[in-house]
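Participant: Given only the sequences and the hints, what does the whole structure look like? Please build it.
2 protein chains.
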Amino acid sequence: MNLIKETQKLIEEGLVSALKTHNLPELYNPISYTFSLGGKRIRPVLLLLSATMEGASQQTALSAALAVEFFHNFTLLHDDIMDAAPLRRGKPSVYKKYNTNTAILSGDVLMIMAYEQLAKCDANRLPLLLKRFNRCAIEVCEGQQLDINFENRLHVSIDEYLEMIRLKTSVLLGFSMFAGAYLANGNEEKAETYYRVGEKMGMAFQIQDDYLDSYGDPALFGKRIGGDIMMNKKTYLLLKALENADDSLYKEISKWLEMKNPNPDEKIEKLKELYRLSGAVDDAIRMRNSYYESAMQAMSKLGADQEAFRALKSLSERLLMRES
Amino acid sequence: MNLIKETQKLIEEGLVSALKTHNLPELYNPISYTFSLGGKRIRPVLLLLSATMEGASQQTALSAALAVEFFHNFTLLHDDIMDAAPLRRGKPSVYKKYNTNTAILSGDVLMIMAYEQLAKCDANRLPLLLKRFNRCAIEVCEGQQLDINFENRLHVSIDEYLEMIRLKTSVLLGFSMFAGAYLANGNEEKAETYYRVGEKMGMAFQIQDDYLDSYGDPALFGKRIGGDIMMNKKTYLLLKALENADDSLYKEISKWLEMKNPNPDEKIEKLKELYRLSGAVDDAIRMRNSYYESAMQAMSKLGADQEAFRALKSLSERLLMRES
Numbered sequence: 001m002n003l004i005k006e007t008q009k010l011i012e013e014g015l016v017s018a019l020k021t022h023n024l025p026e027l028y029n030p031i032s033y034t035f036s037l038g039g040k041r042i043r044p045v046l047l048l049l050s051a052t053m054e055g056a057s058q059q060t061a062l063s064a065a066l067a068v069e070f071f072h073n074f075t076l077l078h079d080d081i082m083d084a085a086p087l088r089r090g091k092p093s094v095y096k097k098y099n100t101n102t103a104i105l106s107g108d109v110l111m112i113m114a115y116e117q118l119a120k121c122d123a124n125r126l127p128l129l130l131k132r133f134n135r136c137a138i139e140v141c142e143g144q145q146l147d148i149n150f151e152n153r154l155h156v157s158i159d160e161y162l163e164m165i166r167l168k169t170s171v172l173l174g175f176s177m178f179a180g181a182y183l184a185n186g187n188e189e190k191a192e193t194y195y196r197v198g199e200k201m202g203m204a205f206q207i208q209d210d211y212l213d214s215y216g217d218p219a220l221f222g223k224r225i226g227g228d229i230m231m232n233k234k235t236y237l238l239l240k241a242l243e244n245a246d247d248s249l250y251k252e253i254s255k256w257l258e259m260k261n262p263n264p265d266e267k268i269e270k271l272k273e274l275y276r277l278s279g280a281v282d283d284a285i286r287m288r289n290s291y292y293e294s295a296m297q298a299m300s301k302l303g304a305d306q307e308a309f310r311a312l313k314s315l316s317e318r319l320l321m322r323e324s
Numbered sequence: 001m002n003l004i005k006e007t008q009k010l011i012e013e014g015l016v017s018a019l020k021t022h023n024l025p026e027l028y029n030p031i032s033y034t035f036s037l038g039g040k041r042i043r044p045v046l047l048l049l050s051a052t053m054e055g056a057s058q059q060t061a062l063s064a065a066l067a068v069e070f071f072h073n074f075t076l077l078h079d080d081i082m083d084a085a086p087l088r089r090g091k092p093s094v095y096k097k098y099n100t101n102t103a104i105l106s107g108d109v110l111m112i113m114a115y116e117q118l119a120k121c122d123a124n125r126l127p128l129l130l131k132r133f134n135r136c137a138i139e140v141c142e143g144q145q146l147d148i149n150f151e152n153r154l155h156v157s158i159d160e161y162l163e164m165i166r167l168k169t170s171v172l173l174g175f176s177m178f179a180g181a182y183l184a185n186g187n188e189e190k191a192e193t194y195y196r197v198g199e200k201m202g203m204a205f206q207i208q209d210d211y212l213d214s215y216g217d218p219a220l221f222g223k224r225i226g227g228d229i230m231m232n233k234k235t236y237l238l239l240k241a242l243e244n245a246d247d248s249l250y251k252e253i254s255k256w257l258e259m260k261n262p263n264p265d266e267k268i269e270k271l272k273e274l275y276r277l278s279g280a281v282d283d284a285i286r287m288r289n290s291y292y293e294s295a296m297q298a299m300s301k302l303g304a305d306q307e308a309f310r311a312l313k314s315l316s317e318r319l320l321m322r323e324s
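Protein chains in written order, with the numbering used here: chain A, 1 to 324; chain B, 1 to 324.
Hints in this document: simulated from the structure, not taken from any laboratory.
These numbers come from a predicted model, not from an experiment.
There's no promise every hint is true.
A pair holds if it fits inside one copy or across any two, identical chains being indistinguishable in the list.
[Said to hold, decoys possible] Here are the simulated PhoX-like cross-link-like pairs (lysine-lysine), alpha carbons at most 25 angstroms apart as the crow flies:
| id | residue 1 | residue 2 |
| --- | --- | --- |
| 1 | K20 | K131 |
| 2 | K120 | K131 |
| 3 | K190 | K120 |
Facilitator: Below is the structure:
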């Protein structure tokens with residue numbers, strides 16, 4: 001645990017230092033605000049732990065760690081506009097606290113700030129790192145586009161859903177682990193294994209996020225429980241419930257999806273029960289665990305630094321067991 | 001003229017090729033649309049001419065040229081949302097033709113595509129190029145923020161205005177010339193002179209744009225003449241007219257600025273006349289020419305390839321003499 005706390009401290013200090021050099025408050029205050037909301041900083045932690053696992057000092061990879069956290073927060077600023085999400089970690093999202101134009105422009109700057117941090121990495125490793133970061137960034141946007149497309153479609157398959165969350169969420173975790181390892185050892189092939197580990201962990205985390213949106217602890221969850229259900233969002237749980245359901249269960253689920261102005265509490269409770277009945281909840285937990293175990297198995301073969309590997313495992317397990 | 005035509009052809013072919021590799025139409029069609037609207041491609045032309053002036057083949061700098069054009073078009077997609085500008089080159093702007101979310105996300109992808117092109121540049125020159133591009137990109141966003149801030153302020157000085165257009169417009173022209181020269185010769189100091197030339201040309205072009213918005217040829221101008229005047233936009237012309245005006249002229253201008261629901265044609269005609277009377281139009285033309293001449297003077301000392309330099313001069317003069 002010590003290593004994780006040290007890593008998080010390094011990241012928070014790095015963020016403070018990277019954010020304090022600018023003026024023009026209309027542009028930069030929304031950025032400071034979004035970082036003041038906190039967050040688990042999973043991506044930079046994974047990146048720095050990967051560097052440690054490959055025997056490098058975290059300082060070597062710190063600017064890349066800030067880059068992935070900046071990029072992630074850029075996506076939050078823009079996604080919250082597109083998803084009309086008024087809350088972020090229990091506080092007004094940037095476009096709500098300020099306005100849409102501010103969230104657009106501050107988000108743009110935040111993306112460029114990610115590239116500014118990336119540009120500070122070892123010049124010999126920069127060309128490949130930049131190329132991989134660009135690919136990852138494009139994929140994240142494509143994932144967001146697929147997510148939007150799915151809202152307007154009647155049927156989405158589980159495979160399509162998994163590909164969407166791979167793009168929207170997992171590739172950035174994959175890139176984070178790739179970058180930490182590659183900056184540490186310059187070995188692209190080995191870093192590629194870290195990429196696949198991060199990608200699988202990302203899948204596990206996202207399925208857990210879907211689960212928590214319906215079954216998390218209301219006292220700890222930053223937003224209202226059941227938001228996905230109320231919006232008929234095509235999550236793993238809903239898609240799997242529809243896939244598993246027999247005729248009568250399918251009709252029952254469809255009835256709730258199509259109901260105009262349902263009582264929110266009733267709809268949420270009912271669908272949570274139907275998800276359980278269909279076996280979708282068990283399937284989600286099984287799928288989550290399977291991604292996680294596959295990630296850890298690949299990781300264990302890499303001969304990485306053991307203290308850092310144990311820290312990674314303990315962090316991941318806390319994230320996957322969490323109730324908020 | 002031959003060199004310019006060849007340069008433009010190379011750029012258009014490069015754009016076609018860089019845009020055709022993607023699917024996911026919801027995300028990429030808006031990007032193809034925005035390029036189909038055309039445009040003068042001034043930034044990539046300047047970049048490639050700078051490479052030629054320093055004796056390199058244009059192919060060396062083509063991906064950087066596409067990068068600046070992609071970045072410029074990204075700013076158009078997002079700025080049109082922020083400025084609520086329904087038209088772009090006489091056609092619906094992206095957020096109008098599609099919707100705001102599409103313009104946000106396609107714009108984001110376009111910015112990343114700029115970095116994808118940049119990543120293809122010579123690896124030895126990439127670190128500095130990326131650093132300079134990032135700085136330029138941040139400055140463009142800061143310029144847009146200042147432009148927005150000025151809308152909500154009563155008084156803006158000419159110096160503040162010039163700094164705003166330097167950031168919003170000129171630094172990208174400066175970077176374009178820097179990048180072409182630097183990719184050609186690897187000489188940062190010499191490339192810096194190209195930067196200053198491009199920056200000054202950008203100032204001249206922007207003052208010309210302000211002028212054309214009020215005095216351009218309605219038959220050739222892509223949007224309605226007098227848009228800036230109708231929106232009380234704090235352009236060089238308005239700020240200079242207010243600075244030059246004696247008491248009675250100042251009152252007359254202020255009266256039109258404050259009038260609720262004026263007749264548009266009348267307001268436009270009247271302010272065009274008041275701008276002339278105040279000497280602001282003459283001052284704008286003088287300022288524009290002074291920036292341009294200073295740019296050409298710096299350029300002439302560089303010992304650049306003469307054919308390319310003549311092409312640059314002839315292109316610039318056409319742009320500065322244009323009526324639309």
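Participant: Work down the list of hints and note, for each, if the structure agrees.
Facilitator: Each hint tested on the structure:
no.: 1; hint: K20 x K131; result: between (28 angstroms within a copy, 19 angstroms between copies)
no.: 2; hint: K120 x K131; result: both (15 angstroms within a copy, 8 angstroms between copies)
no.: 3; hint: K190 x K120; result: both (22 angstroms within a copy, 23 angstroms between copies)
Of the numbered hints listed earlier, not one is contradicted by the structure.
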